[in-house]
Amino acid sequence: KAGVTQTPRYLIKTRGQQVTLSCSPISGHRSVSWYQQTPGQGLQFLFEYFSETQRNKGNFPGRFSGRQFSNSRSEMNVSTLELGDSALYLCASSSGTSLRETQYFGPGTRLLVL
Amino acid sequence: AQKITQTQPGMFVQEKEAVTLDCTYDTSDPSYGLFWYKQPSSGEMIFLIYQGSYDQQNATEGRYSLNFQKARKSANLVISASQLGDSAMYFCAMRGEFGTGGFKTIFGAGTRLFVKA
Chain C
1 KAGVTQTPRY
11 LIKTRGQQVT
21 LSCSPISGHR
31 SVSWYQQTPG
41 QGLQFLFEYF
51 SETQRNKGNF
61 PGRFSGRQFS
71 NSRSEMNVST
81 LELGDSALYL
91 CASSSGTSLR
101 ETQYFGPGTR
111 LLVL
Chain F
1001 AQKITQTQPG
1011 MFVQEKEAVT
1021 LDCTYDTSDP
1031 SYGLFWYKQP
1041 SSGEMIFLIY
1051 QGSYDQQNAT
1061 EGRYSLNFQK
1071 ARKSANLVIS
1081 ASQLGDSAMY
1091 FCAMRGEFGT
1101 GGFKTIFGAG
1111 TRLFVKA
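Protein sequence lines, in the order shown, are assigned to chains C and F.
The first sequence begins at 1 in the numbering used here and counts up by one.
The second sequence begins at 1001 in the numbering used here and counts up by one.
Do not rely on the hints blindly, as some may be mistaken.
[Stated by the list, open to error] Where chain C lies over chain F, by a calculated footprint (3+ residues, C-beta under 8 Å):
(1) 1046-1054
(2) 1075-1087
[Stated by the list, open to error] Part of the chain C face toward chain F, derived, beta carbon under 7 Å:
(3) Tyr-10
(4) Glu-48
(5) Arg-55
Rather than coming from a laboratory, the hints here were simulated on the basis of the structure.
Just so you know, even glycine gets a beta-carbon here, dropped at the ideal spot from N, CA and C.
Please model the complete structure; the sequences and the hints are all you need to start from.
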C-alpha cells in the first residue's frame, strides 16, 4: 500500500506570492489533515478535510485555505506569502471515522519564503 | 482549551538503557486519544504508540510503552533498551473532537532525544 505523498518536497517563494501544496492520502482514507511546523511555534493544526468537506479548522488567517477532491487528494493554498510562512507543511491521512485510528504522515513540503 | 505539555526540551540516554519522556495534557473532554510520534531529521512523522482515554491498560508496542495516569493527566513514553537509531525528536499528541464536529490533533513542543554510544 502506497504511503502519503506530498508535492512538491521543497519550494522557494517570495513575499506576496501564493503557493499550492498537494497531498495524496493512502488509498481508502477519506480524511486529510494539514499541519504547519516551525521552530518557534512547533506543530500547529491547520485544517482537516473529510469527504470533500472541511470538518475542522485551526487558528490561522484566511490566507490559508484548502480543499479536497472526490478522490480524497487535498490541496492547501497560501496566498500573499509572508516571511513567517516559511515552515515544514505536513499532511496526514486516516479513515477519519475513529479517534483510535493512526494518522499517517507524508514526508512534508519545506517552504521557504524570501 | 486543550493543551499538551512536554517539559523536557532535550534528553540524553546511554545506549541500551531505558528512558522516559514526559507528557502531560489538559482537556475537559472525556473521550480522547493520546499518541506518540517520532520525527527523525528527515522530517517524516512516525507513529509509535496509542492510548485511548477509556483504555484500562497501558499500551505497549515492542520497545515502547506508555505510562498512562489518567488522574494526573500524564502519558509518559518509556523506551526500553535505547538504540542509536532512537535519536530523534519525539512528540506527544492528543486527538479528539473537542466540540468541533471533526477530529483535531494537538501536539506538544517535543523532546529531542540523544542516544549516546
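Evaluation of the provided hints:
no.: 1; hint: 1046-1054; result: holds (count 4)
no.: 2; hint: 1075-1087; result: violated (count 0)
no.: 3; hint: Tyr-10; result: violated (11 Å)
no.: 4; hint: Glu-48; result: holds (5 Å)
no.: 5; hint: Arg-55; result: holds (3 Å)
Of the numbered hints stated above, those contradicted by the structure are hints 2, 3, listed in ascending order.
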